[in-house]
Amino acid sequence: MRILHTIYDDVDNPWCGGGGAVRAMEINRRLARKHEITLLTGHFPGAAREERRDGVRIRRVGTCRNYLFSRLSFSALASRALAKWPFDLWVYDFSAFSPVYAFPSRQARSVMVFHHPISAHAARKYPGIGLLAAAAEGLHTRLHRRIIAVSPSTARHLERRARPNTPVHTVCNGVRHPALAETREEDYILFFGRMDTYNKGIDVLLRAFATLKPTHQDVRLVLAGRGTKARLHELMSVSRSLGISDRVELTGPVSEAEKWNLYAGALFTCQPSRFEGWGIAAIESGVAGKAVIGTEIPGLVDAIRRDRTGLLVPAEDPEALAGAMNRLLEDSRLRAELGDNGRAWAANFSWDRIAMEQEQVYIQTLG
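Sequential numbering of the sequence shown, starting at 12, is according to the working numbering.
Keep in mind the hints are simulated off the structure, nothing from the lab. There's no promise every hint is true.
Lysine to aspartate or glutamate pairs mimicking EDC-like chemistry, simulated, CA-CA at most 16 angstroms apart [unchecked claim]:
id	residue 1	residue 2
1	K240	E260
2	K136	E368
3	K45	D99
4	K45	E368
5	K136	D207
6	K224	E341
7	K224	D99
8	K136	D214
9	K45	E348
10	K45	E260
11	K240	D207
Using the sequences plus the hints, can you model the full thing?
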């Protein structure tokens, strides 16, 4: 099977590098053992236009001048490539901020991968262009004839908005299961992910951390993951304004080994996102045997089993988040119980299994 997979994001993209890019690469590197796969992504500074990685041919199109033009040029050039390139199946990782358009004849041999609804947040995050993104989400949800949702709650959202009788398949995200050293508990709470203040709710996390009980003033907050210099500077400025900069550490990008070492030493993790497709970090916490606090939003309500692998709080509520953090800091038995349950839960989400489930959707599409 010749598969053309279009996705703006790329695991090495310094502007993004999110869970969608990880998912695309992890699945494609496994399916490349049996299929011919071309991954068409956006261009970014320092990237090669073409390379082959783990059997996957990666092509990058568009400009790398800046983030906005990179996305816009990707949309235009990926749409043009769809009209010309031969393929048996088009896998379309949808992004409202870099949509790709194809003729109906091409859509007939396509599967759209949908991560999370953004229409309620697009205008808040990006005034002006966000309205166009929301319109693109509504249009593409109705255009495509077969959709993969990465969480059950997102699938339910799509079933209400897609055309009648559109098959919506749920294929969750996976996670790596490395050999880990024995877990321990140091003096920090961990956030791991892209430093996207709005999407990931890092502003809410900082405000919550600043109001922890006086008995927890010796606890640190470690923010680990990729972010632009401007974003990291912004987060440190917020920390200073809240009077917590001496207890907040931003690590920047970390290696796989460093990531798992951070998980192993955390008291627990926090994922206070405003919107999320699934929440790979929530499952990674389980792999490391750590409890997680997340928000009651589509995606995370599936990745986190309420009061079994973690605690759930309303989104954008620093008081509720601080309350959950205080609760876990004061109850070591609860931390251990949630972490043990999380490890068993995470065992269900290997990338090998996820790749097999996604391949079955491809076969049904062409069958």
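Each hint, compared with the structure:
1. K240 - E260: The given pair, whose Cα atoms are some 14 angstroms apart, holds under the 16 angstroms limit.
2. K136 - E368: Measuring from Cα to Cα gives roughly 33 angstroms; hence the hint is violated.
3. K45 - D99: Cα-Cα ~14 angstroms, so holds.
4. K45 - E368: holds, 15 angstroms
5. K136 - D207: Given pair K136, D207 holds - Cα atoms ~10 angstroms apart, limit 16 angstroms.
6. K224 - E341: Measuring from Cα to Cα gives roughly 10 angstroms; hence the hint holds.
7. K224 - D99: Not OK: K224 and D99 at ~58 angstroms, beyond 16 angstroms, violated.
8. K136 - D214: holds, 13 angstroms
9. K45 - E348: Cα-Cα ~41 angstroms, so violated.
10. K45 - E260: violated, 44 angstroms
11. K240 - D207: holds, 12 angstroms
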